[in-house]
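Take these sequences, add in the hints, and give me the full structure.
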Amino acid sequence: MTREQLRDVILHLLQEIAPDAEVRKLSSDDGLRDALQLDALDFLSFIIAVHETLRVDVPEGDYPQLGTLGGRVDYLARARGERAQD
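At position 19 of the sequence shown (counting the first as 1) the number is 12 in the working numbering, and the numbers step up by one without a gap.
Incorrect hints may have been included.
In silico SDA-like cross-links for lysine to any residue, where the CA-CA straight-line distance does not exceed 20 Å [as the list claims (entries may be wrong)]:
(1) Lys18 / Gln8
(2) Lys18 / Glu(-3)
(3) Lys18 / Gln(-2)
(4) Lys18 / Ala28
(5) Lys18 / Gln30
(6) Lys18 / Gly63
(7) Lys18 / Val2
(8) Lys18 / Asp1
(9) Lys18 / Asp67
(10) Lys18 / Gly60
(11) Lys18 / Leu4
(12) Lys18 / Arg0
(13) Lys18 / Arg(-4)
(14) Lys18 / His5
(15) Lys18 / Leu31
(16) Lys18 / Gly54
(17) Lys18 / Leu(-1)
(18) Lys18 / Glu45
(19) Lys18 / Leu29
Derived CB-CB ranges, DEER-like [stated by the list, open to error]:
(20) Asp13 / Gly74: 18 to 28 Å
(21) Gly74 / Gln30: 30 to 40 Å
(22) Phe36 / Glu15: 25 to 35 Å
(23) Glu(-3) / Arg48: 13 to 23 Å
(24) Gly64 / Glu15: 13 to 23 Å
(25) Gln58 / Met(-6): 16 to 26 Å
(26) Ser20 / Gln(-2): 15 to 25 Å
(27) Glu15 / Gly74: 23 to 33 Å
Hint data in this document are derived by calculation from the structure and do not stem from the laboratory. Glycine included, every Cβ here is placed at the ideal spot set by N, Cα and C.
Quick look at the structure:
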């Protein structure tokens, strides 16, 4: 899966969690919690969706790495054992 494909999957999952948000306008460096007004339950919903969709388990200690869109793409590419390609 390319980096762009992984980004699209993440944006789709975020759109499911925050249907009113304009996720396509997010930059790689935006803090998702503030930009999308996500609470802890929303974040956990994302973690569950990642597991169900991408088959990636995210340990709680790694949660800080998922704060931005770019961080999520990088983390999930590494977790899937893929080299994130542009």
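We went through each hint and held it up to the structure:
no. : hint                        : in the structure
1   : Lys18 / Gln8                : holds (12 Å)
2   : Lys18 / Glu(-3)             : holds (15 Å)
3   : Lys18 / Gln(-2)             : holds (16 Å)
4   : Lys18 / Ala28               : holds (10 Å)
5   : Lys18 / Gln30               : holds (14 Å)
6   : Lys18 / Gly63               : holds (13 Å)
7   : Lys18 / Val2                : holds (15 Å)
8   : Lys18 / Asp1                : holds (12 Å)
9   : Lys18 / Asp67               : holds (19 Å)
10  : Lys18 / Gly60               : holds (16 Å)
11  : Lys18 / Leu4                : holds (10 Å)
12  : Lys18 / Arg0                : holds (13 Å)
13  : Lys18 / Arg(-4)             : holds (17 Å)
14  : Lys18 / His5                : holds (13 Å)
15  : Lys18 / Leu31               : holds (16 Å)
16  : Lys18 / Gly54               : violated (28 Å)
17  : Lys18 / Leu(-1)             : holds (16 Å)
18  : Lys18 / Glu45               : violated (25 Å)
19  : Lys18 / Leu29               : holds (11 Å)
20  : Asp13 / Gly74: 18 to 28 Å   : violated (34 Å)
21  : Gly74 / Gln30: 30 to 40 Å   : holds (33 Å)
22  : Phe36 / Glu15: 25 to 35 Å   : violated (19 Å)
23  : Glu(-3) / Arg48: 13 to 23 Å : holds (20 Å)
24  : Gly64 / Glu15: 13 to 23 Å   : holds (19 Å)
25  : Gln58 / Met(-6): 16 to 26 Å : holds (19 Å)
26  : Ser20 / Gln(-2): 15 to 25 Å : holds (18 Å)
27  : Glu15 / Gly74: 23 to 33 Å   : holds (32 Å)
In the structure shown, a violation is registered for the earlier hints numbered 16, 18, 20, 22, in ascending order.
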